[in-house]
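Student: Spelled out from the first residue to the last, the chains are:
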Amino acid sequence: MIRIGKTAKAEAAAVPRQKRGFFRTLGGQWQLMIMSVPMLLYVLLFNYGPLWGWLTAFQDYQPRDGLAGSKWVGWGNFTFLFGREDFLLSIRNTLAMSLINLVFGTVSAIVLAVLLNEVRNRSFKRTVQTVTYLPHFLSMVIVVGMAQNIFSSNGAVNQLLLSLRLVDQPVFFLGKGEYFWWLVGVINVWKEVGWNTIIYIAAMTSIDPSLYEAAAIDGAGRFQRILNVTLPGIRSTFMVLLIMNIGHLMEAGFEIQYLMRSGLTMKYSDTIDVFALLYSFGSTRPHYSYGVAAGMFKSVVGIILLIIANMTAKALDENTLI
Amino acid sequence: MNYDQYIAALSNGTVLGMFDQTWDFGTATDSLKASQMYENTYLALPLVYDPEYVDGKVIEEHYLNGTVMNKDRGFGISTTCKYPERAIQLFETLLSDEWQTILQWGIEGEDYYVENGRYLMTKEQYDQRADAQWKRANRALAVWESCPKKQGTMDNGNAWDPAQQPEIYFGQMNDYDKAFLTAAGKKTPAEFFNPPIELAPYGEAWQIDKGPIDIDYNNGFLPIQDRWLPIIITCDPAEIDANWDAFVAEITPSAQVYTDFMQAEVLKLVEQALN
Chain S
1 MIRIGKTAKA
11 EAAAVPRQKR
21 GFFRTLGGQW
31 QLMIMSVPML
41 LYVLLFNYGP
51 LWGWLTAFQD
61 YQPRDGLAGS
71 KWVGWGNFTF
81 LFGREDFLLS
91 IRNTLAMSLI
101 NLVFGTVSAI
111 VLAVLLNEVR
121 NRSFKRTVQT
131 VTYLPHFLSM
141 VIVVGMAQNI
151 FSSNGAVNQL
161 LLSLRLVDQP
171 VFFLGKGEYF
181 WWLVGVINVW
191 KEVGWNTIIY
201 IAAMTSIDPS
211 LYEAAAIDGA
221 GRFQRILNVT
231 LPGIRSTFMV
241 LLIMNIGHLM
251 EAGFEIQYLM
261 RSGLTMKYSD
271 TIDVFALLYS
281 FGSTRPHYSY
291 GVAAGMFKSV
301 VGIILLIIAN
311 MTAKALDENT
321 LI
Chain U
323 MNYDQYIAAL
333 SNGTVLGMFD
343 QTWDFGTATD
353 SLKASQMYEN
363 TYLALPLVYD
373 PEYVDGKVIE
383 EHYLNGTVMN
393 KDRGFGISTT
403 CKYPERAIQL
413 FETLLSDEWQ
423 TILQWGIEGE
433 DYYVENGRYL
443 MTKEQYDQRA
453 DAQWKRANRA
463 LAVWESCPKK
473 QGTMDNGNAW
483 DPAQQPEIYF
493 GQMNDYDKAF
503 LTAAGKKTPA
513 EFFNPPIELA
523 PYGEAWQIDK
533 GPIDIDYNNG
543 FLPIQDRWLP
553 IIITCDPAEI
563 DANWDAFVAE
573 ITPSAQVYTD
583 FMQAEVLKLV
593 EQALN
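Sequences listed follow chains S and U, in order. Residue numbers for the first sequence, in our numbering: 1 to 322. Residue numbers for the second sequence, in our numbering: 323 to 597.
For the record, the hints were derived by calculation from the structure and aren't laboratory data. What you are looking at is a predicted structure, and each value in this text was computed from that prediction instead of being measured. Glycine included, each C-beta is placed from N, C-alpha and C at the ideal position. Some hints could be false.
[As the list claims (entries may be wrong)] Heads up, simulated EDC-like pairs for lysine to aspartate or glutamate below, C-alpha to C-alpha not over 20 angstroms straight-line: (1) S/Lys-176 x U/Asp-548; (2) S/Lys-267 x U/Asp-538; (3) S/Lys-267 x U/Glu-572.
[Claimed, not checked] Incomplete in silico selection of chain S near chain U, CB under 10 angstroms: (4) Met-33; (5) Ser-36; (6) Asp-86; (7) Ser-152; (8) Phe-172; (9) Leu-174; (10) Leu-259; (11) Leu-264; (12) Thr-265; (13) Leu-278; (14) Arg-285; (15) His-287; (16) Tyr-288; (17) Tyr-290.
Sequences are here, hints too, so could you generate the full structure?
Tutor: Structure representation (structure tokens):
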């Protein structure tokens with residue numbers, strides 16, 4: 001976990017600070033420095049290095065001419081993108097699916113974590129935990145394949161609805177664009193709920209048991225203990241995860257939408273990532289610049305969102321990331 | 323429905339008919355044959371307008387084309403290639419009768435046998451050619467699918483393509499297909515079509531490189547079609563006209579780009595052919 005929060009600050013304040021030069025500190029911690037070199041190299045090579053490629057967003061990039069020889073077009077690629085209806089739709093779809101995923105994912109994870117926290121039978125708790133997080137390791141291809149069978153017009157869900165006489169005609173879950181976002185949300189919850197729970201359960205185990213005892217002595221029932229002890233106890237974890245997730249708001253996923261999209265749903269299914277792929281490689285000739293420009297827009301908006309979320313949390317005197 | 327679901331439906335034999343081209347659903351046909359569901363494989367039929375809809379004009383179809391050189395595929399030799407002659411020699415070797423026979427027929431005695439100068443295959447040898455796994459392991463498809471190849475008849479009278487060798491073609495035909503063709507009074511499925519007409523000297527429009535308009539075509543024209551056609555086919559009959567009009571209104575701009583481009587390219591080809 002990232003070390004943050006008031007406790008860390010309090011510790012730092014308690015130790016009397018010695019005024020030392022930057023290089024003396026560096027020399028004193030040379031073992032730590034050596035240990036961090038691989039990480040630093042990794043970040044520089046794979047995260048900062050490829051940023052040069054962003055230059056192609058301002059070019060009509062042709063692999064034949066390379067980065068140096070391709071024609072510069074200024075903001076041309078961006079004006080092109082914002083002139084395409086499907087790009088604007090892909091921004092909407094990305095945000096919509098992200099928000100649905102964020103809300104569904106967080107709520108389901110917290111609910112499951114609270115329920116598991118209340119279970120006293122250890123072996124039952126372990127079993128449920130393992131069973132719910134196993135789907136996390138399944139490939140999205142398999143998950144989408146299963147979902148397509150379950151939600152198809154003669155699949156399990158439709159058979160259930162028909163036999164309960166809730167509908168007279170099978171519902172085309174996969175053929176109606178309006179359902180697509182919610183299907184993605186449901187599939188993501190099924191796949192990730194157990195995995196997302198782990199971090200909340202870890203936070204709950206660190207809550208001081210004497211708080212529960214005190215609450216019980218004061219006459220708090222189960223629900224009141226959940227409301228007044230458990231939930232406030234995971235508040236800082238929740239805030240940190242929320243800030244991180246807001247930074248990832250522009251990443252609604254790629255695999256699930258790309259695998260599940262079809263002609264009928266494309267107005268609702270295509271995220272910015274799918275758009276970038278279809279415009280870069282969907283044609284007879286690759287158009288790298290459109291894809292890079294779309295990806296760059298996504299990253300920049302993501303960074304801005306992260307900073308705003310962090311500043312808001314700071315203003316509310318919550319734990320922050322940066 | 324996306325392409326995977328489409329192929330899955332075809333492979334199950336649950337689809338009666340569709341508008342498509344053999345190379346687009348070959349995997350489905352292969353798996354139908356592999357599970358011996360011959361009565362579910364597909365027969366190509368020419369599609370023409372009913373004279374009633376075109377002012378009583380009878381339209382002759384020209385679906386079959388004669389042999390045409392496919393200029394779609396190709397290989398490049400880089401300028402830094404040290405021995406360009408050797409690269410060309412490689413393709414010359416691949417185009418030699420010996421290698422073409424290996425690539426198309428296989429190894430004599432192993433994949434086919436020769437009787438009185440005719441190249442023949444046992445049923446087993448022929449059937450394994452439809453098996454996707456066997457093809458991947460034995461047919462060098464990565465090379466074969468894009469390298470230059472010979473078609474038609476060899477100098478010794480055998481067909482280059484085993485599937486076109488008459489003995490094999492009629493020998494491997496399953497009883498269902500035989501009975502079907504006899505009942506229809508035809509010898510081959512190709513007889514359902516008019517014989518090919520002689521090609522105009524300027525070639526065929528599908529070979530035109532659509533690169534300059536590919537965003538309009540691949541990211542405009544095709545997706546609009548993919549979105550609307552299923553809606554129009556599955557909608558309530560009362561809404562067909564409204565949906566069709568909406569489809570036409572949305573696709574017209576990119577269709578116009580496409581027709582203008584193709585028109586200009588065809589004119590260029592005609593000019594080239596005339597000069």
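Student: Against each hint, give a clear statement of whether it holds in the structure.
Tutor: So, going through the hints one by one against the coordinates:
| no. | hint | verdict |
| --- | --- | --- |
| 1 | S/Lys-176 x U/Asp-548 | 14 angstroms, holds |
| 2 | S/Lys-267 x U/Asp-538 | 17 angstroms, holds |
| 3 | S/Lys-267 x U/Glu-572 | 14 angstroms, holds |
| 4 | Met-33 | 44 angstroms, violated |
| 5 | Ser-36 | 42 angstroms, violated |
| 6 | Asp-86 | 7 angstroms, holds |
| 7 | Ser-152 | 8 angstroms, holds |
| 8 | Phe-172 | 8 angstroms, holds |
| 9 | Leu-174 | 8 angstroms, holds |
| 10 | Leu-259 | 8 angstroms, holds |
| 11 | Leu-264 | 5 angstroms, holds |
| 12 | Thr-265 | 9 angstroms, holds |
| 13 | Leu-278 | 6 angstroms, holds |
| 14 | Arg-285 | 5 angstroms, holds |
| 15 | His-287 | 7 angstroms, holds |
| 16 | Tyr-288 | 13 angstroms, violated |
| 17 | Tyr-290 | 8 angstroms, holds |
Checked against the numbered hints given earlier, the structure breaks hints 4, 5, 16 and satisfies all the rest.
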